[in-house]
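Residue numbers (numbering that gives the first Met the number 0), protein chains in the order written: chain F, 0 to 279; chain L, 0 to 319.
Quick caveat, the hints were computed from the structure, so don't treat them as lab data. Think of the CB as a built atom: it goes at the ideal place given N, C-alpha and C, for glycine as much as any other residue. A few of these clues could be false.
Claimed, not checked - Restraint-style ranges between C-beta atoms, simulated for each label pair:
no., chain 1, residue 1, chain 2, residue 2, range
1, F, LYS186, L, GLU209, 33 to 43 Å
2, L, PRO232, F, LEU106, 24 to 34 Å
3, F, GLY134, L, ARG123, 49 to 59 Å
4, F, LEU106, L, LEU164, 50 to 60 Å
5, L, ALA215, F, GLY10, 31 to 41 Å
6, F, THR12, L, GLU209, 50 to 60 Å
7, F, SER219, L, ILE295, 21 to 31 Å
8, F, THR12, L, PRO165, 31 to 41 Å
9, F, ALA132, L, PHE302, 52 to 62 Å
10, L, PRO165, F, ARG131, 50 to 60 Å
11, L, LEU49, F, LYS186, 50 to 60 Å
12, L, PHE126, F, SER76, 34 to 44 Å
13, L, ALA172, F, ARG4, 22 to 32 Å
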Amino acid sequence: MQNRRPVAYLGWTLALGAVLFYALIPVLWLVSLSFKSPATVTDKKFIPSDTTFDNYTTLFEGGLDSPLLRPLINSLSIALIATVIAVTLASFTAYAIARLDFPGKTLILAGALAIAMFPPISVVGPLFDMWRALGLYDTWLGLIIPYLTFALPLAIYTLVAFFREIPWELEQAAQVDGATPWQAFRKVILPLATPGVFTAAILVFIFAWNDFLFAITLTSSDSARTVPAALAFFTGESQFTAPTGNIAAAAVLVTIPIIIFVLIFQRRIVAGLTAGAVKG
Amino acid sequence: MSTAVPTQVGEPAGRRAQRKRGGPTQTTDRTKAERKLALMLCAPAVIAMLLVTVYPILYAIVLSMQKVDLRFPEESGFVGLSNYGAVLSSPLWWQDLFNTSLVTVTSVAIELVLGMALALVMHRALFARGTIRTAVLIPYGIVTVVAAFAWFFAFDPSSGFVNNLPLIPDEKAWFGNRQDAFTVIILTEVWKTTPFMALLLLAGLATIDEGLYEAARVDGASAWQRFWRITVPLLKPALLVALLFRTLDAFRVFDSIFIMTRGSQDTESVSILGYNQLISRLNLGLGSAVSVLIFILVLLIAFVFVRFLGTAVPSQGDKK
């Protein structure tokens, strides 16, 4: 065994290098493009020969009328609101499924699973028509509703898996020791449930932040258009300049928070993604 | 489930009185209260899910049997199944269905192999397990549209670095023909979603008893035999769930095609076709027929997975 170790380490280092390279190459290319000037954007080189921040600054020129500020505000607000609502509703449901005994439990889980598999394109047309009739077309709420609904199954499954692991007897134990029900909940159960709730929130946020189909079908202007949709409709400063540098810069800006997010919460994301799917 | 929610959750005083009395009435009363509470807790989520999926899909079915073209609103009316006839007899639908299936099958197959390799690498990690997990989570976290742009710019003949690589012709127009465009689209899909596959498989690998491998090794089984005789059979449940989710997900392919080709060069998927009919041409009738057909196909895929491949869909309801 001992003399096999260096070989194993070498092999592992190579594998690690290959995975890192594969995962990061497109991101690095975007970063490279985002710092290139219009003169060098077509030079196909990885290291920009002259670096400029123009691609970034022009994204925010003109304040709220700028290409990126409004979509960024829309994206963040819509994703955050959808996350809070979805996680709250999912917590109620998951608590009932994990702790209470009632008929229809399996039905709810099966229904949630069916919705997780549901093709969004199938409801885009009706929602487009309904939202126009209800005045929800091109509004935040018009996107929040489909996001929170399509994220609910993921949140419910994640939370049920987490809630099942909580030793609920502790709540009673604390009450026996003289804690009020509220204290027992706040001091004992809440700290145990928080990681699960947080994990569900991260997954829902990533889902809402990532969506493109609803974003381009249920909006028509910057009043509710999110970043992915805005990116698709970016135009160059004149009709002769491709907005490559600007798109790359905007892409980098929306990717950096996700990378930081992943760095901090990777354990939770992994736990959440695999919570519902493997045990069964 | 959407029935009226019971008003009260049960009175603790009454319950206490009954507990003293004991007997079966007590349990039924408590069970009732518990059921009421459970229904109240589940109702908001269930209603939300019904309102945004079941109602619209029914509405889509209604729309699909009408002539509804928002550009010619006065011509609306019931037309029966003729929209379906129009879709099913159009070569475009079959072409797009073929394209979608091609992207689905190819990308899921590649993801399965890569994801399995990645999962095994992570499972047997000697060091830097955290680093590698972070690295694979980056594609998962990145917005699909951004991933599509990244690969589009990488392959773009005017600014991409790919054509500068050795062995690749400098002027190769990747998005100028169907085959190369599909190569890049599939590459993007694979890059974005292999992490998900790998993580599901990794979680499955963690449930396999290490002792089995030890025993097999003692018995002289090679690494190859251990993989096929132990890992694969025991991983089957996790594998099938991962495949089901990824197949359904890949079948919806939209974002990357929209960004890279918008369906030109015969790279249109069924989702793009639906979008074009519904949103670009505002033909809600024909578009809804496409939507309903996609819905039926997704049902069919799920059915095949569950019924014929024996995918044990995660159902935590009956676990305890």
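**Request:** Could you say whether the range 31 to 41 Å given as a hint is met by the Cβ separation of THR12 of chain F and PRO165 of chain L?
**Result:** Violated, at about 25 Å.
**Request:** For the range 33 to 43 Å, tell me whether the beta carbons of LYS186 of chain F and GLU209 of chain L fit it or not.
**Result:** holds, 39 Å
**Asked** Falls inside 50 to 60 Å, the C-beta gap from PRO165 of chain L to ARG131 of chain F?
**Response** holds, 53 Å
**Prompt:** Taking the CB of PHE126 of chain L and the CB of SER76 of chain F, does the distance hold inside 34 to 44 Å?
**Reply:** Given about 41 Å between the Cβ atoms, the range holds.
**Satisfaction of the hinted span 52 to 62 Å by the C-beta atoms belonging to ALA132 of chain F and PHE302 of chain L** = Cβ of ALA132 of chain F to Cβ of PHE302 of chain L: about 34 Å, so the range 52 to 62 Å is violated.
**Item:** GLY134 of chain F versus ARG123 of chain L beta-carbon gap, inside 49 to 59 Å or not
**Value:** holds, 56 Å
**Request:** Could you check the hint for me, namely that LEU106 of chain F and LEU164 of chain L are 50 to 60 Å apart, CB to CB?
**Result:** holds, 54 Å
**Prompt:** Between SER219 of chain F and ILE295 of chain L, does the C-beta distance stay in 21 to 31 Å?
**Reply:** holds, 30 Å
**Prompt:** Would you say the C-beta atoms of ALA215 of chain L and GLY10 of chain F sit inside 31 to 41 Å of each other?
**Reply:** violated, 21 Å
**Item:** Range agreement (Cβ of LEU106 of chain F with Cβ of PRO232 of chain L, hint 24 to 34 Å)
**Value:** 32 Å Cβ-Cβ, so the 24 to 34 Å window holds.
**Request:** Please test the hint of 22 to 32 Å on the beta carbon pair from ALA172 of chain L and ARG4 of chain F.
**Result:** violated, 49 Å
**Request:** State, for the Cβ atoms of THR12 of chain F and GLU209 of chain L, whether the hinted interval 50 to 60 Å holds or is violated.
**Result:** violated, 24 Å
Consistency with the previously given hints fails for numbers 5, 6, 8, 9, 11 and 13, ordered from lowest to highest.
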